[in-house]
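Here is what each chain is made of, one letter per residue.
There are 2 protein chains.
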Amino acid sequence: MPIQKSDADEEKEELDICFVGREIDMLNEPDDLKKHKDEGQWDFVAFPLTKLPPCLEQDGKDLPSEYDLAPSTDYFRQSDQKDRAGEDVGVVSSWISTDSNRVSEEFKNYSADALREETDLAAFWGTYACILPTPDSIDCDRYAAAVNEVLRTQSTQQCRLWLRIPFTVDPQHFDGGLGPQVPAASPPSSPAPPAAAAAAESRHPMEDVPAPANGAAAASASFSNLSDEDNEKERRRVLEQGCTSEDTYDGWHIFKKVKDKCGNPQHLFVALVLTKKLPPFAYLDRWRSERVAAVIIPLECFVENSHGCPQLPYPHTQVVHHFLRQKAKVLLQIAVAPSKDVRNFERYRYCIQKLWDEIKKLNVVERAGHRDQNCLQPPLQPLAENLESGVYSVFETDSVKYARYREALKLALEAKVEERTGQKGPLVLMVVGAGRGPLVTACILAIKEVKMRTEDVKLVAIEKNPNAVITLTDKKQMEANCPFWSKLEIISSDMRQNVNLEKQADIMVSELLGSFGDNELSPECLDGAQRLLKEDGVSIPHRSVSYACPVSSTKLWTEAKKLGEKFLETPLVVYIHSAYFPAVQGAQPVFTFEHYPNKDIDPSNAHNRRHTDVDFTITIDAVVHGIAGFFSADLYGSVAISIVKETYSTDMASWWPIFFPIKGPIFVEKGDKITFSIWRCDDKHYVWYEWLLTHEGKSTDRHNKGGRGHKMGK
Amino acid sequence: MPIQKSDADEEKEELDICFVGREIDMLNEPDDLKKHKDEGQWDFVAFPLTKLPPCLEQDGKDLPSEYDLAPSTDYFRQSDQKDRAGEDVGVVSSWISTDSNRVSEEFKNYSADALREETDLAAFWGTYACILPTPDSIDCDRYAAAVNEVLRTQSTQQCRLWLRIPFTVDPQHFDGGLGPQVPAASPPSSPAPPAAAAAAESRHPMEDVPAPANGAAAASASFSNLSDEDNEKERRRVLEQGCTSEDTYDGWHIFKKVKDKCGNPQHLFVALVLTKKLPPFAYLDRWRSERVAAVIIPLECFVENSHGCPQLPYPHTQVVHHFLRQKAKVLLQIAVAPSKDVRNFERYRYCIQKLWDEIKKLNVVERAGHRDQNCLQPPLQPLAENLESGVYSVFETDSVKYARYREALKLALEAKVEERTGQKGPLVLMVVGAGRGPLVTACILAIKEVKMRTEDVKLVAIEKNPNAVITLTDKKQMEANCPFWSKLEIISSDMRQNVNLEKQADIMVSELLGSFGDNELSPECLDGAQRLLKEDGVSIPHRSVSYACPVSSTKLWTEAKKLGEKFLETPLVVYIHSAYFPAVQGAQPVFTFEHYPNKDIDPSNAHNRRHTDVDFTITIDAVVHGIAGFFSADLYGSVAISIVKETYSTDMASWWPIFFPIKGPIFVEKGDKITFSIWRCDDKHYVWYEWLLTHEGKSTDRHNKGGRGHKMGK
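So the sequences go chain by chain: H and X.
Numbering of the first sequence is given in full-length UniProt numbering, commencing with residue 1 and proceeding in unit increments.
Numbering of the second sequence is given in full-length UniProt numbering, commencing with residue 1 and proceeding in unit increments.
No lab work stands behind these hints, which were simulated from the structure alone.
One thing to keep in mind: the hints can contain errors.
For identical chains, the list gives no copy identity; a pair is met inside one copy or between any two copies.
[Claimed, not checked] Listed below are the simulated DSS-like cross-link pairs for lysine-lysine, each with C-alpha atoms no more than 25 Å apart in a straight line: (1) 476 with 448; (2) 698 with 673; (3) 476 with 34; (4) 561 with 705; (5) 108 with 51; (6) 416 with 261; (7) 51 with 476; (8) 475 with 34; (9) 34 with 448; (10) 566 with 663; (11) 562 with 663; (12) 35 with 475; (13) 361 with 61; (14) 475 with 51; (15) 562 with 711; (16) 684 with 714; (17) 410 with 424; (18) 705 with 503.
Turn these sequences into a full structure, and let the hints steer you where they fit.
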């Protein structure tokens, strides 16, 4: 009975489903599986694929030459309800030890055989996924070879492989954590395990996540509820710590090793194990980039509340919450209670249900983001292609954006009225790129607020999309009772073409901005409209600035690649969820465009070409998949709109960020410098960006050369 | 309220939905749209996008220089329920005449403008689709140019373009069918319209489809319920008729013209108009290949039944039934009745509902085909990759196949028992590639039927997939009460490898066949197993033959291309629905493989290489997209299994046909010869097909050279 979520608003939306399962240690009888499933109404169970081989029941000394697989159950017969088959998850034996120095060569081979054969069995049964044991060494060559062999021989309908990886590996797992049944290599490897463990402990200080500080906005952007300033401090603190890539107990490095050795295959995921103590937030954050298919919560992570009920500590809930939103499954690692009290399970399950319920409470923008997460789309080209009515309709619902415009217009009108004292004739207020009229509405509201009379102001709307003009004209007719609407002059034309106007504008207002500021060609459009603005006229907005920061996201990069190689040279608009930003500096300014009356526009457009290099310092070992882009725009006075995280206009929903992918992800180490170089190029018909990244003196190809991946039609 | 269909069996299946809409001639008021929608509970309406321009209300003589679009409604405001927006269909003005010689140059330009602007309006409103008028000439350059312009400037979110194409165009539409408002060119073009119409009538004899003959099986394969023999006669008759590609009134040629001129764009579909009289079935059949998004049924197609209720003639229902299964929408062209009796509409809607209900009555195989239609998949490679339990499980449900095997086994056992009279020791019956055991079950049933005793027979099963062996062993244990099961010898090995057997087999039975017979490498496997068969032993099957015939299917070809260029060089398994077979000969044999005891197998495998050329004669102008492949296999005596249409084993569900695409579709004319050349190649590790088509002395590339698209691992 999966927990289903239907959205609060009226629109149909795909149901999101949260799957909560339980991991079973051992099946005593083949028939146990069904019983376990029914207990506590789990959506799925993770069950051991095989029985412990007889040779390991004792000391494991007399290994047979071949692994003799003994299935724990007849899964296919067990899952009699056919539509349930394929939800459950098979667990490969935990005694498997393929690479540790502590075990014999013979046992390593035996283990690698077992890993392959058990995974094959899960694929044969068609389980939804198969959980592989945590590699027992950072040098996991044999482990990766076995995984590769499985991936090579399985048919395309194979099940997913979930690597069980804890945030931080218990040093004992590598050094001395072998079960009694696993034979140690003789002679045992030299350094005493406790010492190694102690050393590891000091190299990688485990600690609780800092206590929450302020606000839910930050929470949605990071596991840590720190303010942005604190976040930067925290990033710097992590950077200055002694931990380096030699940090062999960090789960992320282990996962990366296996992934790299296997060539980053499509079917390989993480089943991320929560630890009682969580690592510093930069270490947590880094998992946002990976394909986390499941979060495994061991019993020890739960605490008791005042009623004696289990609950997760707040930092843990933050982590689970993030991955739930990313559609990961939750797997509770809870042994059968001695009393076999079913309600006992239900209380744990309820903890996750409560978390899921919170997702329903997301506000409109967060919900839209939840829906659109990681969904890539090439930027709109409203200049080259006419927008659809439905697109206008979505944009028009952004009350935050238009409230800011109204505020800016009010201030501008007040200033202009004072400035024009004594001058004759109405003030000319011109909306360029009026669409279906939302800025006209904002203008009229501002005019009313400053109490101007009909004869004080002449309102003009210019729009190039003939069908939007039809709707705008229709709206004018419907609003005939409003004197400002009824006197509105509608001009159906491109603002850059010859427009016959009696008067130039005192105030020109536009909303031509894209996710990266100028990427919908506001500079070119507004240049073309400058002759319609008086010499002392005001442009709203008068400045736009684009921002960038390095981003790590296996998900976004993989999705872009899936679209085709070309899309790795295309800026893509996306609500970035499965990602994190591994730079100390956060988002840095890239290009600035100023819009003031300027009669001497260079027809060659040379003044709109740009080139910038932006430097970043990396906080933590990471893989950089590209650059995330944002913008802010100054409307008038101190009124601005922004999608840059640090200055974000809360609840503004019109823009998601932009993602500039790079063709090959780059592995960067803590403290490395990385430079983002970007060019804004143009020819007679198009404008496009070219970009590259430089790391340790080595540059990537220059991406999107000549606009081969993507260009914007003028 | 779309008619929903949930499947009769227990498995979850995607809901199929049948959409029935009504076309509205004219909106008197903008508000009429909602009223029309509610009438008769239509799933959608097709409504005119614009009002008749004032200049055309009279004689259309004073055309303005530009088309002045006047929307018929404010669609976006009308569709207040947001989730309904996007279901309706906008209709572009029917007076548009872009290419006919009968209208003035000025009017042609005016028409082309209107076509573009109205389509833009539909895209702006975001209607589900937009119906374009039937081109008014077979030389429709200007029409295609306007469509191209629309496709070029629309954003990617544009609506679909549905070309309204009748099976046969009324000659008046080209020659004299202009409305009173459309100005004729002066001087009018020379030949008198009625004469032209009469000439057309004689060139393309309209006639009713021949009366149904026998059975529903043929119906699902063709619009005509003729027997296959009759079908071939009918194909020959069409071929011998005088109609040629000069047949300018054939709707298919017109659609092809527009499609070709526009480069076959993704967003272009047919809205196929039923005519009261239907053309010969080869003309109907040809539409199976095209992307028919909707079937438009004019009122005149309906007849009255004895209760005075409207119903469709049987041939018409066959056509609608086919396209319903192909997920086309149905659009009824029914004017508002003078009485405005809502129930009147409901009666027409009910006709379609009844047809849809019949789809629910499909048998298991037909339902599986309905679900899988046009869904392409690379062939299974059970030799190179181990199959999943779920795949075995699906195959095992094919009762028809195993009944045939049982019958063949029974006959073979009887013959062997007689032959061996006096010989000592049990008869050895060997299943090679036993999987989870369905052929073992068939063997045991046959043994019981011929009343052999346990000591008379030794049953051996060889299987290479270790996980299938686990299930088979498990089954043996469960069937311990059956003496044949409990004495079964299970050998976990590849049949080609050294198997230690006391005795050779008297009968060897296998089911290693693929959709194209030998494509799962049964020849190579059975060669390897020959040494396990006595010199006078029997192989079941003892022969397999592959078959091929040219196929026309825009749908299959487009889907293959979508998967990637490589897939145009890959044989693909598919239930072929949206297709037809334009060759007189039907399916012709390609490769034959015989399986008799043969101790002297050439280790080079040269004897399994093949090359064949197969000739076909084309019945009707068509576009060939590739070759469809089938197989038949002789099991024993006269017992055979077949997926060749002419000899199809009714209700056998294990195999869909195979599709060999070609990289570029070929236009062929009635009476043309076309030759399919195919090679079966191999190297040390792989077997693969290479193929090409030769038409009028010109050959395509040799496809899949060296197995670059697809090869089967030995």
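Against the structure, the hints come out as follows:
1. Taking identical chains as interchangeable, the C-alpha atoms of residue 476 and residue 448 lie at most 25 Å apart only when both belong to the same chain, with a minimum of 17 Å there against 88 Å between chains.
2. Taking CA atoms no more than 25 Å apart as the test, residue 698 paired with residue 673 passes inside one copy only; the shortest distance there is 11 Å, against 60 Å between copies.
3. Taking CA atoms no more than 25 Å apart as the test, residue 476 paired with residue 34 passes between copies only; the shortest distance there is 23 Å, against 66 Å inside one copy.
4. Only within a single protomer do residue 561 and residue 705 lie at most 25 Å apart by alpha-carbon distance; the minimum there is 18 Å, versus 28 Å between protomers.
5. Taking the closest pair of Cα atoms, residue 108 and residue 51 come within 25 Å of each other only inside a single copy of the chain (19 Å); across copies the shortest separation is 80 Å, beyond that limit.
6. In this assembly of identical chains, the alpha carbons of residue 416 and residue 261 never lie at most 25 Å apart, being 66 Å within a copy and 57 Å across copies at closest.
7. In this assembly of identical chains, residue 51 and residue 476 lie within 25 Å of each other by CA distance solely across copies; the values are 20 Å between and 76 Å within a copy.
8. Taking CA atoms no more than 25 Å apart as the test, residue 475 paired with residue 34 passes between copies only; the shortest distance there is 20 Å, against 63 Å inside one copy.
9. Taking the shortest alpha-carbon separations for residue 34 and residue 448, neither the intra-copy value of 70 Å nor the inter-copy value of 36 Å comes in at or below 25 Å.
10. Taking identical chains as interchangeable, the C-alpha atoms of residue 566 and residue 663 lie at most 25 Å apart whether they share a chain (9 Å) or sit on different chains (22 Å).
11. For the identical chains of this complex, residue 562 and residue 663 are neighbours both inside a copy (12 Å) and across copies (23 Å), given an alpha-carbon limit of 25 Å.
12. Taking the shortest Cα distances, residue 35 and residue 475 sit within 25 Å of each other only across copies (22 Å), while inside one copy they are farther apart (64 Å).
13. Neither within a single protomer nor between protomers do residue 361 and residue 61 lie at most 25 Å apart by alpha-carbon distance, with minima of 57 Å and 63 Å respectively.
14. Taking the shortest alpha-carbon separations for residue 475 and residue 51, only the inter-copy value of 19 Å comes in at or below 25 Å, while the best intra-copy value is 73 Å.
15. In this assembly of identical chains, residue 562 and residue 711 lie within 25 Å of each other by CA distance both inside one copy and across copies; the values are 20 Å within and 24 Å between.
16. In this homomeric assembly, residue 684 and residue 714 come within 25 Å of each other (Cα to Cα) only inside a single copy, at 8 Å, whereas the closest approach across copies is 57 Å.
17. In the homo-oligomer, the alpha carbons of residue 410 and residue 424 lie at most 25 Å apart inside one protomer (21 Å), although the nearest pairing across protomers, at 109 Å, exceeds that limit.
18. Taking the shortest alpha-carbon separations for residue 705 and residue 503, neither the intra-copy value of 43 Å nor the inter-copy value of 71 Å comes in at or below 25 Å.
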